[in-house]
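Novice: Chain by chain, the residues run as shown.
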Amino acid sequence: MQNSLDPAASLLEVRGISKSFGAVHALQQVDFTLRAGEIHALLGENGAGKSTLIKVVTGVFPRDAGIVRISGEEIAPRSAKAALGAGIATVYQEVNLLPNLSVAQNLFLDRQPMRFGIVREREMRRRAKALLADFGLDIDVAAPLGNYSVAVQHVTAIARAVDLSARVLILDEPTASLDRHEVEILFGIMRQLAGRGIGIVFVSHFLDQVYEISDRITVLRNGRLVGERETASLPRLELIRMMLGRELAETTSERASVGEHTVRDVCASYEGYGKAGYVAPFNLELRHGEVVGLAGLLGSGRTETARLVFGAERADCGQARVEGAPVRLQSPRDGVRHGFGYCPEERKTDGIVAELTVRENIVLALQAKRGLHRPLSRREQDEIARRYVKMLDIRPADPERPVGLLSGGNQQKVLLARWLATSPRLLVLDEPTRGIDVGAHAEIIRLIRELCDDGLSLLVISSELDEIVTYSDRVVVLRDRAHVEELAGEAVDVGNILAVIAADGAVTAHEGRA
Amino acid sequence: MTALLPRRGLAQILALIVILAVDRVVSPQFFDLRLQDGRLFGSLIDVLNRGTPVALLSLGMVLVIATRGIDLSVGAVMAICGAIAASLADSHGLPVVLAAALGAGLVCGLWNGFLVAVLGMQPIVATLILMVAGRGIAQLITEGRIVTFSSPDLVWLGNGSVLGLPVPVVIALGMLILTGAVVRGSALGLLIEATGGNARASELAGVGTRAMILSVYVWCGVCAALAGVIAAADIMGADANNAGLWLELDAILAVVIGGTSLFGGRFSLVLAVFGALIIQTMNTGILLSGYPPEFNLLVKAVVVLAVLLLQSPKLSGVAGIAARLRRTKA
Numbered sequence: 001m002q003n004s005l006d007p008a009a010s011l012l013e014v015r016g017i018s019k020s021f022g023a024v025h026a027l028q029q030v031d032f033t034l035r036a037g038e039i040h041a042l043l044g045e046n047g048a049g050k051s052t053l054i055k056v057v058t059g060v061f062p063r064d065a066g067i068v069r070i071s072g073e074e075i076a077p078r079s080a081k082a083a084l085g086a087g088i089a090t091v092y093q094e095v096n097l098l099p100n101l102s103v104a105q106n107l108f109l110d111r112q113p114m115r116f117g118i119v120r121e122r123e124m125r126r127r128a129k130a131l132l133a134d135f136g137l138d139i140d141v142a143a144p145l146g147n148y149s150v151a152v153q154h155v156t157a158i159a160r161a162v163d164l165s166a167r168v169l170i171l172d173e174p175t176a177s178l179d180r181h182e183v184e185i186l187f188g189i190m191r192q193l194a195g196r197g198i199g200i201v202f203v204s205h206f207l208d209q210v211y212e213i214s215d216r217i218t219v220l221r222n223g224r225l226v227g228e229r230e231t232a233s234l235p236r237l238e239l240i241r242m243m244l245g246r247e248l249a250e251t252t253s254e255r256a257s258v259g260e261h262t263v264r265d266v267c268a269s270y271e272g273y274g275k276a277g278y279v280a281p282f283n284l285e286l287r288h289g290e291v292v293g294l295a296g297l298l299g300s301g302r303t304e305t306a307r308l309v310f311g312a313e314r315a316d317c318g319q320a321r322v323e324g325a326p327v328r329l330q331s332p333r334d335g336v337r338h339g340f341g342y343c344p345e346e347r348k349t350d351g352i353v354a355e356l357t358v359r360e361n362i363v364l365a366l367q368a369k370r371g372l373h374r375p376l377s378r379r380e381q382d383e384i385a386r387r388y389v390k391m392l393d394i395r396p397a398d399p400e401r402p403v404g405l406l407s408g409g410n411q412q413k414v415l416l417a418r419w420l421a422t423s424p425r426l427l428v429l430d431e432p433t434r435g436i437d438v439g440a441h442a443e444i445i446r447l448i449r450e451l452c453d454d455g456l457s458l459l460v461i462s463s464e465l466d467e468i469v470t471y472s473d474r475v476v477v478l479r480d481r482a483h484v485e486e487l488a489g490e491a492v493d494v495g496n497i498l499a500v501i502a503a504d505g506a507v508t509a510h511e512g513r514a
Numbered sequence: 001m002t003a004l005l006p007r008r009g010l011a012q013i014l015a016l017i018v019i020l021a022v023d024r025v026v027s028p029q030f031f032d033l034r035l036q037d038g039r040l041f042g043s044l045i046d047v048l049n050r051g052t053p054v055a056l057l058s059l060g061m062v063l064v065i066a067t068r069g070i071d072l073s074v075g076a077v078m079a080i081c082g083a084i085a086a087s088l089a090d091s092h093g094l095p096v097v098l099a100a101a102l103g104a105g106l107v108c109g110l111w112n113g114f115l116v117a118v119l120g121m122q123p124i125v126a127t128l129i130l131m132v133a134g135r136g137i138a139q140l141i142t143e144g145r146i147v148t149f150s151s152p153d154l155v156w157l158g159n160g161s162v163l164g165l166p167v168p169v170v171i172a173l174g175m176l177i178l179t180g181a182v183v184r185g186s187a188l189g190l191l192i193e194a195t196g197g198n199a200r201a202s203e204l205a206g207v208g209t210r211a212m213i214l215s216v217y218v219w220c221g222v223c224a225a226l227a228g229v230i231a232a233a234d235i236m237g238a239d240a241n242n243a244g245l246w247l248e249l250d251a252i253l254a255v256v257i258g259g260t261s262l263f264g265g266r267f268s269l270v271l272a273v274f275g276a277l278i279i280q281t282m283n284t285g286i287l288l289s290g291y292p293p294e295f296n297l298l299v300k301a302v303v304v305l306a307v308l309l310l311q312s313p314k315l316s317g318v319a320g321i322a323a324r325l326r327r328t329k330a
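Chains as they are written, first to last, in the UniProt record's numbering: chain A, 1 to 514; chain B, 1 to 330.
The shape of chain A in the complex, shown without the other chains:
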């Protein structure tokens, strides 16, 4: 505003950006507008496309379609460095600076003040000190950056970016590892920079912080733009609805087939089960032939609950029972032994063994369960692989293909096959439809219903509320790493879930750390 920029003028304009990874549309026709001097929150669940959008705009990923303009001028950066040259700086959650160099060296890396080919250390320190003073930071700039807190490192990264004449500053989850006081300092700096006419994109999943700092909010879901709103006129419930679900009217009709069966036997139960600093103790009953959904925002403790239930994480309190008998779940092996299966959210890092074939990936859990001494013969392996490739329609239908070469949806089916081959009693699915194209998406939801009809007990996590209500008999809603409510029968609908997630408690409890 001070520097003659019209505050209403758009500084960064993104129009019709699309980006696909294989068959998966990570971004489809996304628009985004950042005005000078505004703090603009970019929101969405995991996989909504926030990071992809940032990476496409800053040239880390090439884009498939669309244009990016900065102050009306079209740019097409090929790398983060080129984007910086065009005036777009990005500071990631994991600060990309060198902790072993001094603060001053980090600030002036690549552009140290030189004289006769020698770095002018004192001059550099003086300038570094002055630069940081602008940000209200008075520290010893000669000390290694790694000696300082994450907050200071963030401010250093921001100072460096701004000093490199950035006009657009993208902050990706900057507050995730800061405490309340540090967040205040950071917000002060953000306001100051916005006052200078810099446009700031703020990516965060802390909604209270978004409401505190941002002027405008853009929401993405499944790679599409849901909408852009002014923060002040957007109620929290409406925001969460934008992030998680479609309009209520559309979804209620889909939930017809669920909920008309008799009470079934309990498959596994958890009493006062929890782990300090991970998930607050919870009670959970999982019955045969029933789907229980876990709903909540990112970081609310959904995945944590799933890992405790399966045995991937050890509980420090409470009692787990399988078919009524007390059990100890110390490791995934214990879970597998008791007939549990777990398809994790991160398919690539925690699920598939990319280099091994479809067949080997499918028989892996069954073989681990049988133990070393009872190897499945090659004929048995072939038989199992063929059966599941056919049953789940895995494509290409070649059991000898390395699983890493399959699409995301087919990899997900291979993981399902891996667990189905063990004839489990309980299957835990963490975001089973994430990053999967539409066709496979519907198929996996159909499979979930079928499995459940066969008497399997399912615990399913999904960020898609309209999806979760279509297959869940009961939905457990989580907030701030605690189970806050269980909805059953007629109460399972998107509106109720949203209301619980957005309940007032969330505002205060989200403060402080993640």
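Some hints could be false.
As the list claims (entries may be wrong) - So the derived list for chain A, only partly shown, Cβ under 8 Å to chain B, looks like this:
1) A312
2) P332
3) R333
4) I352
5) V353
6) E360
7) L364
8) A365
9) Q367
10) K369
11) H373
12) R379
13) L487
14) G489
15) A491
These are computed hints drawn from the structure, not numbers from a lab. Cβ coordinates follow ideal geometry from the N, Cα and C atoms, glycine included.
Using the hints provided, position chain B relative to the given structure of chain A.
Specialist: Then chain B, alone, in the frame of chain A:
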């Protein structure tokens, strides 16, 4: 397009054939074999016999590397176990000597496995400890001397023959078959490959990844012990300073030439042994050629580079190279 060719091993087979052909050129008698006192002699037998220690080491090393680990201590373990065998040879029977030496190898393997699997140390650092300390331990056992022995049983292990073949070769073959039977006959092979390919995913699938990792280091230690005993039996003595010196590098090289990635996952026992043979064929050829042995290292480096290039996924194997050549010609 690769349907007619074996999926794996083509590069290694080609390399061995080329090296054998070169050996035939530098030494016309290379393929000559003669039977004397019921035992075969000739350069080819020499290659097999001399290649035994590295072949044995590579059998253990390939499993360790398949779990995404590495064992730098095998040379030192050879020295320890050779020293133990030599010290006991003249006072105890062969079963006791073997049990003591192999037992020591097993303990060494357990130690490495404990550091890596239980304490979670990086394999290269964890096994470096024993690599350094092991030679010291071996010197303590031999009290700094070269311990010689004359026990005919142990000497036979290094110099005897069975069905015309040197005993070490028969032992190595036996170990290859035994390891293959254990690894591929049980589910161990699949679970090791899964652990090396993606330890986190395997763990979540219920694979006991720690047990896998521990067991491969133990087996590596046992293989190294056997190699150490054979090396000692061969020279009828134990030299704590030089036994197995730098052989860990040859073993790693053999595994890599055999197509097993240092990033773990898929492995092949047979091709690892093939790798050991390739190395030894080169060594023997250079000795026979009369060039100074200094050339050995250079030639080795060039051949290794060639084999690795042939396997490189960027060149997508032999077929890829052929396709590229054709394209550049066109």
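Novice: Hint by hint, say whether it matches the structure.
Specialist: Comparing the hints with the structure gives:
1. At a threshold of 8 Å, the smallest CB-CB gap from A312 of chain A to chain B is about 6 Å, leaving the interface hint in force.
2. The interface hint given for P332 of chain A holds, since its Cβ lies 5 Å from the closest Cβ of chain B, which is under the 8 Å cut-off.
3. The closest approach between the C-beta of R333 of chain A and any C-beta of chain B is roughly 5 Å, which is under the 8 Å cut-off, so the hint is satisfied.
4. Nearest Cβ of chain B to the Cβ of I352 of chain A: about 6 Å, under the 8 Å cut. The hint holds.
5. Of the supplied interface hints, the one on V353 of chain A holds, with its beta-carbon coming within about 4 Å of a beta-carbon of chain B, less than 8 Å.
6. For the restraint placing E360 of chain A at the interface with chain B, the shortest Cβ-Cβ distance is roughly 6 Å, inside the 8 Å limit, so the hint holds.
7. Taking 8 Å as the C-beta cut-off, the interface hint given for L364 of chain A holds, the closest approach to chain B being about 5 Å.
8. For A365 of chain A, the interface hint holds, the least distance from its beta-carbon to any beta-carbon of chain B being 4 Å, beneath 8 Å.
9. Checking Q367 of chain A against chain B by beta carbon gives a least distance of about 5 Å; that is within 8 Å, so the hint holds.
10. Interface restraint check for K369 of chain A: the shortest CB-CB distance to chain B comes to about 6 Å, inside 8 Å, so the restraint holds.
11. Of the supplied interface hints, the one on H373 of chain A holds, with its beta-carbon coming within about 6 Å of a beta-carbon of chain B, less than 8 Å.
12. Restraint check, R379 of chain A versus chain B: the minimum CB separation of about 15 Å is more than 8 Å; hint violated.
13. With its C-beta approaching chain B no nearer than about 29 Å, L487 of chain A sits outside the 8 Å limit, and its interface hint is violated.
14. Using the Cβ-Cβ criterion of 8 Å, the hint placing G489 of chain A at the interface with chain B is not satisfied: the shortest such distance is roughly 33 Å.
15. A distance limit of 8 Å between C-beta atoms decides the matter here; for A491 of chain A the minimum to chain B is near 33 Å, and the interface restraint is violated.
In terms of the numbered hints stated before, the structure departs from hints 12, 13, 14, 15, listed from lowest to highest.
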